[in-house]
Amino acid sequence: MRQKMLEICDLSVFLGLRQVVRRVSLRLDGGQLVSMIGENGSGKSTLLDAICGFIPCTGQILLTGSDVRAEPSHCRFAAGLSRLFQRGGVFRTLTVAQNLSIATTPSPFRLRDALLCLNPLGPKLWDGIPNAVDYLRRSGILDRIHAPAGRLSHGQQRFLASLCLFSRVHSKVYLLDEPFAGLGDDLQALVVEMIEQALAAGSALLVVEHELCRLRSLVTWRVGLEGGRLRAV
Amino acid sequence: MVDYVLSVIPIAFFFAIVSFGGVLLWGLYRFPAMSLGAFFGVGAYAAALLIGFGIEHIIALVLATVVAAVAGWLLGATVQGVARDAAVVCTFALQVCLGSLFLNWTAVTGGSMGIGGLSHEFLSFLPFRFEGKWVVTSVAAVVFAQATYIVLQRSRFSITVSASGESEHLSSGFGIPPRMVSGTVFAVSHGWAGFSGALFALYVGYIHPSNFGVSESIFVLAIVAAAGTRSYLYALALSILMVGLPEAVRFLDADILFIEKVRACIVGSVLLAVVWIASASSGGEDMEDSERDSA
Chain G
376 MRQKMLEICD LSVFLGLRQV VRRVSLRLDG GQLVSMIGEN GSGKSTLLDA ICGFIPCTGQ
436 ILLTGSDVRA EPSHCRFAAG LSRLFQRGGV FRTLTVAQNL SIATTPSPFR LRDALLCLNP
496 LGPKLWDGIP NAVDYLRRSG ILDRIHAPAG RLSHGQQRFL ASLCLFSRVH SKVYLLDEPF
556 AGLGDDLQAL VVEMIEQALA AGSALLVVEH ELCRLRSLVT WRVGLEGGRL RAV
Chain E
10 MVDYVLSVIP IAFFFAIVSF GGVLLWGLYR FPAMSLGAFF GVGAYAAALL IGFGIEHIIA
70 LVLATVVAAV AGWLLGATVQ GVARDAAVVC TFALQVCLGS LFLNWTAVTG GSMGIGGLSH
130 EFLSFLPFRF EGKWVVTSVA AVVFAQATYI VLQRSRFSIT VSASGESEHL SSGFGIPPRM
190 VSGTVFAVSH GWAGFSGALF ALYVGYIHPS NFGVSESIFV LAIVAAAGTR SYLYALALSI
250 LMVGLPEAVR FLDADILFIE KVRACIVGSV LLAVVWIASA SSGGEDMEDS ERDSA
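As they're listed, the protein sequences go chains G and E.
To convert, take the position in the first sequence, counting from 1, and add 375; that gives the working numbering.
To convert, take the position in the second sequence, counting from 1, and add 9; that gives the working numbering.
Rather than coming from a laboratory, the hints here were simulated on the basis of the structure.
C-beta atoms are modelled at their ideal positions from N, C-alpha and C, and glycine is treated no differently.
Every clue listed holds true.
Reference listing, derived: stretches of chain G covered by chain E, where coverage requires no fewer than 3 residues with Cβ under 8 Å from a Cβ of chain E:
no., region
1, 442-449
2, 454-462
3, 469-478
Whenever a hint applies, use it, and build me the whole structure from the sequences.
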């Protein structure tokens, strides 16, 4: 039996007096990829923001069985949630290596990790990432690993954001907001490869994407969001 | 003249320590806090009051630093989540409030009379005269603050702080707690300011509310801005320049009244030149960024 990774029950979001998401219920099991489509303004990104804890909502959000709705966003992410934002996704002033380091090593603001992180002779920044160097080489970023991420092309920045996301060791649920936007064919293929690996590892993915050509064979089921309501497609 | 120069050096180094806090806050965390001058005062008054209660000077120095750091943590944790521009105004408001408190809480701070008689017993074991003793002490304090800064800068702490300063939203997406980061950065930077203020109080032996006003905070921010916001070494150099230059102008061979009139102009011109050179040297990189953004 597949593990239940994310379950949303009757989730509603109000922005001011306007109800943007209306009683959405959704369940993602391990190894499943659910694609979500909808017109601009239909509430897709707002739904993802609510799941991540960036905006208040009502209803229930269960992450691997635990209700995380009362948790602040950073705790939800530490508990295994990962989010690719529609725009940006990298720290532009940090180098490529530092971006990967942020994604893969523990936060120095947890007491037990603080001393480890203060050690300047600690492990190399990207030691914890399987295949990271390979992906960096294939995406043409490896020779710019010590350059600020803001100096990369838009497509490379988006790819780096995906690489950081999929390099997170403890991720169980990925929320991807238009992961292929701005990527060329070669970088899109690499992102698909990473998505396949995440699915094989038992993670669950909720993908907001209009161009599903590359993911068609991986999609478990599709849903649509219309006026804040979920509907089957 | 040598004694005079030696007496100015510790002041420059005290401001250098406060400016390290400014570099951490503004350079790494992107928060140009306006409260460092007030926390310079918090350290000074805390040390003065503790010494007044009969506590050893060195213990008072440590406790004053801790008081400033804890208050800094509370400030950082409080302003986290407030829009950055509004949060900067909050720190300015706190600066004004603390300045007013130093001046008007006369029962504790002495009000406009200040607190005096602080430094008699401090560092009596050092085999130097007063000025030499304080040059050694201030150099040791700067080295200590600099070493702390280097450890923080080369560790993951600085990466995490930079990330959180650039985007709290995105960094929380990697499990970084924004309130903890903000509190810690404020605690370290304001703790340095408190440490420096306590040393200042012990050095001058007399503290007064006018030593810890808005102008001190602006002075520190000017040092950090001119130094390029990310470099603690430039901040050290700029501290020496900005404290030392007005004093050096006194020794120009000219009419003292004339010197008094043009002193601020000379110092301001030098500061402008430093900022101009610094911005010209980084112009190419900025241009590349803006070209990429527009593309």
